[in-house]
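Number of protein chains: 2
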Amino acid sequence: MAIHYPNGSSYKVSTNKSLKKNHNDKHSHHKLTIYGDRGMTLEQEINDSNNYYLHKNIAVIHKKPTPVQIVKVDYPKRSAAVIKEAYFRKASTTDYNGVYRGKYIDFDAKETKNKISFPLANFHKHQVEHMRQCVQQGGLCFALIKFVQTDELFLFKATDLFTYWDNQFNGGKKSIKKDIIKKLGINIQYSLNPTIPYLKAVDKLLNSKGES
Amino acid sequence: MAIHYPNGSSYKVSTNKSLKKNHNDKHSHHKLTIYGDRGMTLEQEINDSNNYYLHKNIAVIHKKPTPVQIVKVDYPKRSAAVIKEAYFRKASTTDYNGVYRGKYIDFDAKETKNKISFPLANFHKHQVEHMRQCVQQGGLCFALIKFVQTDELFLFKATDLFTYWDNQFNGGKKSIKKDIIKKLGINIQYSLNPTIPYLKAVDKLLNSKGES
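One line per chain: the protein sequences are B and L, in this order. My numbering applies: residue 1 is where the first sequence begins, and numbers increase by one. My numbering applies: residue 1 is where the second sequence begins, and numbers increase by one.
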C-alpha cells in the first residue's frame, strides 16, 4: 500500500498491529504509522512520535491547536457549523506540552536551512518567556532544533537557550553556532519507531543533575 | 472606569499595579483584571485566575486554543491572511494544562444548570481517556464542576470521575449526585483575586496522600 503525497513521492505505510495489542482502548481507531524520515516535516515527525509514545503508554504529549481568532460562523441547516472568517493569532506558548515520568514537558520545534548556525529569530519572545515561566515552576523545557540540510536533530535545553537569547540583547550574536548546539545539546538519531526518539534525550536530562 | 459588556451590565475594572511589581518581564503589557463573579462564564473565571497565577509566578496554566480544521485561506495583499473556510474539530484532550509546584496539571471545566446532579454526558469519552493517560504518567488531573444555579464550584478528582464514568457502562447512573461531589470533591469559594482560587484545592490534593 502506498500513499502519494502532494509532492508526488510515495511513502511506505504499515499498519502497526503491536500498538493495537498494547492499547487498552478497544474503541481506538486503527492507526496508520509512517516510518522513517522520508520528507516529513519536523512537525509531522514529532506528531508521529507523540502518537507512538501515547499508544505505548510512555508519555502524553500533544501539539496544541493553532490559535485562531474566530470572527464569523455560519450555521447551515442539517450540517456542521462553518467558520467563514477567522484570523491566525500569535501563539503565547510553545507548541508542545504534556507529561512524561511524572514531569511536565514543554518544548518547541524549529527547523533551519542554515548550515552552520541557528538564527534566534526562529523563536518569538513570547515562546522564550513562556519557557522561562515553566522552568521556574519546575517544568522540563527545551527546543528541538533541526538542521534540514543535513538532517541533524538536537535537543537543546531551554536554560542554554536563555543564555544565548539574552546575550543577543547585550551585544551577543543573533544566532547560535551549530558547533555550540552540538556541544551543549543532545543529538537525536532518527529511528524506525518512533521516528524521533526524543524522549531518550529527555531521559538523559532527567537522569543528569543539570535538568531543565 | 467601567467596561460595558454586550449584555449591558457594567463591571468594575481595576488596574492591578501589584502584579506589575512582581512581574520580571519589563515588556509585559499592563494587565486589566476583572474581579469577582459577576456574570463571567466559568471559562472566563478560569482564564482570569490563570492570568493571576501566571503574573504572580505561581503557576503556568493555559487554556488550549479551540481546535479548528482549516480548509481555505485567503492571502490578501498588504493585509493579514484570512481563513475563509474552517470547521470545529472535537478536542482530543482536556482544555487546560500546565505546571504547578513541579507537577503536571491537567483539567477540564464543566458547568451544569442541573440542581441536584451532574450529568456525565458533559464529558466526551476522549477527554476522560486523556485524563486516564495523564494520571498514568503521574499527572494531576481533575474536573472543575460548577452548579450555576447555586454558584457552587468543586474540584473533583479524575480518579473519582473514572469510577462514576465507568459505572455508567455497567448499569450505573448517567450522572453524579451533587451530594457525592460535595463529599468527594473540594469546594472552591469565589474570591477577589484570583476569582477562582482553585490551586488551593490542588494544594490539598498534593499535600494529601491520595493525590491525582
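If you're looking for bench data, these hints aren't it; they were derived computationally from the structure. Since the model is a prediction, treat every value here as computed from it, not as a measurement. Warning: the hint list may mix true and false statements.
Note: identical chains are not told apart, hence a pair may lie in one copy or across any two.
What the hints assert, rightly or not - Straight-line alpha carbon distances no greater than 27 Å define the calculated DSSO-like cross-link-like pairs of lysine-lysine that follow:
1) K72 / K110
2) K115 / K174
3) K77 / K204
4) K183 / K125
5) K77 / K90
6) K125 / K56
7) K90 / K64
8) K56 / K90
9) K84 / K204
Verification of the hints:
1. Within a single copy, K72 and K110 get their C-alpha atoms only as close as 32 Å, which misses the 27 Å cut-off; across copies the closest is 25 Å, which meets it.
2. Taking the shortest Cα distances, K115 and K174 sit within 27 Å of each other inside one copy (15 Å), while across copies they are farther apart (59 Å).
3. Taking the shortest alpha-carbon separations for K77 and K204, neither the intra-copy value of 55 Å nor the inter-copy value of 48 Å comes in at or below 27 Å.
4. With identical chains, the CA atoms of K183 and K125 are at most 27 Å apart within one copy only, with a shortest distance of 24 Å there and 45 Å across copies.
5. In this assembly of identical chains, the alpha carbons of K77 and K90 lie at most 27 Å apart only when taken from different copies (20 Å versus 33 Å within one copy).
6. In the homo-oligomer, the alpha carbons of K125 and K56 lie at most 27 Å apart only across protomers (19 Å), although the nearest pairing inside one protomer, at 35 Å, exceeds that limit.
7. When the C-alpha separation of K90 and K64 is checked against a cutoff of 27 Å, the pair qualifies both within a copy, at 13 Å, and between copies, at 13 Å.
8. Taking the shortest Cα distances, K56 and K90 sit within 27 Å of each other only across copies (23 Å), while inside one copy they are farther apart (33 Å).
9. Within a single copy, K84 and K204 get their C-alpha atoms no closer than 47 Å, and across copies no closer than 45 Å, so neither meets the 27 Å cut-off.
Hints 3, 9 from the list above are not met by this structure, while the remaining hints are.
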